[in-house]
Each structure stands twice: as structure tokens, then as C-alpha cells.
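Undergrad: If you number the sequence shown the way this note's numbering does, the last residue is 175 and the count never jumps.
Read the hints as simulated data drawn from the structure, not as lab findings. Any given hint might turn out to be false.
EDC-like mimics (lysine to aspartate or glutamate), calculated; alpha carbons at most 16 Å apart, straight line [stated by the list, open to error]: (1) 120 <-> 73; (2) 120 <-> 106; (3) 18 <-> 73; (4) 46 <-> 172; (5) 45 <-> 172; (6) 75 <-> 106; (7) 171 <-> 142.
Label pairs and their in silico Cβ distance ranges [claimed, not checked]: (8) 175 <-> 122: 30 to 38 Å; (9) 106 <-> 79: 16 to 24 Å; (10) 145 <-> 110: 34 to 42 Å; (11) 119 <-> 78: 21 to 29 Å.
Cβ coordinates follow ideal geometry from the N, Cα and C atoms, glycine included.
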Amino acid sequence: MRTLFSSLSVSSNFKGGKIMDVIIAGIGGQGTILASNILSLVMVKKGYDVKKSEIHGMSQRGGSVISHIRFSENKIASPTVRLKSADILLSFHPNETRRYKHLLKENGKIIQLTDEDKAKLPNPRSLNIFGLGKLSSFFQIEQEMWAESLKELIKPSILDINLKAFEIGLKEARS
Numbered sequence: 001m002r003t004l005f006s007s008l009s010v011s012s013n014f015k016g017g018k019i020m021d022v023i024i025a026g027i028g029g030q031g032t033i034l035a036s037n038i039l040s041l042v043m044v045k046k047g048y049d050v051k052k053s054e055i056h057g058m059s060q061r062g063g064s065v066i067s068h069i070r071f072s073e074n075k076i077a078s079p080t081v082r083l084k085s086a087d088i089l090l091s092f093h094p095n096e097t098r099r100y101k102h103l104l105k106e107n108g109k110i111i112q113l114t115d116e117d118k119a120k121l122p123n124p125r126s127l128n129i130f131g132l133g134k135l136s137s138f139f140q141i142e143q144e145m146w147a148e149s150l151k152e153l154i155k156p157s158i159l160d161i162n163l164k165a166f167e168i169g170l171k172e173a174r175s
């Protein structure tokens, strides 16, 4: 049996083929879909069954965007996270946290990113990858696998900035 989680209190619920539910929420243009694609790719590479669904707001930039990502050792039927069942909510905007926190289970975790987080980054547009770095701290997955997945999904011209943002997020979450 694989141990996927290091510090998440729901880790014992995931063992034995239970489903891990993650919500990533932001507004259009913040990279919500890219972050969910990277998380999904990492979990597929680790051998988990992954289901993902997305809801885009009315406008491409500025509208609400949410991704449901579910993964398990066993087959998953539905890509949708049910009410009060999400283990983690990664939110790129405070309004999105308020909008979707009802999806969290009672002991679920919120990773809320802020404007102050943007100031820590080489480029504020890499906030989504910084958040993914923070999220990765909940999983016992090699950093190399995350970096490999970033390399597959991010343009080479902005890869180094995003790798640095990921590293900053991971280090901050672990401190």
C-alpha cells in the first residue's frame, strides 16, 4: 500500500483505495486549469486513477473557474466532488474561497493565496504554481516528479520562473 500523504489529517481515509478530493478555484486568467492539469498528471504518473472536471465562469478573464480533481488507487466513477467531501481547497482568490468552502469536509484543509504571496515570487503570474508547491507538501511525492510534470505542461520560455515559484511554495509550506 502506498503512503501518499505526509501531514494531511485525512491520510488514513485515503488508504485502501479511498478517494482523495481536491478543489482548485480561482478567477479566469489565474491558471486554475493549468494547476489542475499538473496535479492530475502527477497523480496519473504515480499510478492513481484520476478524474477531473472544470467549470468556467461566464468570461474567460475574471469569471469564476473551479476544477474538481479526484484520485484513488481504485477506479473512480464520477469526476465531481460532492458537497462537504473535499479534502483540500486550493484557492487563488479570497472570493473563491468563500464561494467554494462549503465543498470541504469538516477537517478539510484550505490553502488561501493572497496578494502578499504574489510579492514573494519572481513573477506574480506564477501564483498558481506557487500554490501547487504548497499543495504538494501534503503528498509524499518526489519533487522531481512535480518538476517533470511542470516541464511537460509549461512553455520553456516561462519554465524556470515557474519551477522557482513551485520551490518557494513548497519551502514555505514546509516551514
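Undergrad: If a hint holds in the structure, say so; if it does not, say that too.
TA: A quick look at each hint next to the structure:
1. 120 <-> 73: violated (36 Å)
2. 120 <-> 106: violated (31 Å)
3. 18 <-> 73: Distance of about 7 Å is within 16 Å: holds.
4. 46 <-> 172: violated (24 Å)
5. 45 <-> 172: violated (25 Å)
6. 75 <-> 106: Distance of about 25 Å is beyond 16 Å: violated.
7. 171 <-> 142: holds (14 Å)
8. 175 <-> 122: 30 to 38 Å: Hint violated: Cβ distance 19 Å, outside 30 to 38 Å.
9. 106 <-> 79: 16 to 24 Å: Once the Cβ atoms are compared, 23 Å apart, the range 16 to 24 Å for residue 79 and residue 106 holds.
10. 145 <-> 110: 34 to 42 Å: Given a distance of about 25 Å, which is not inside 34 to 42 Å, the answer is violated.
11. 119 <-> 78: 21 to 29 Å: Distance hint for residue 119, residue 78 is violated at roughly 39 Å.
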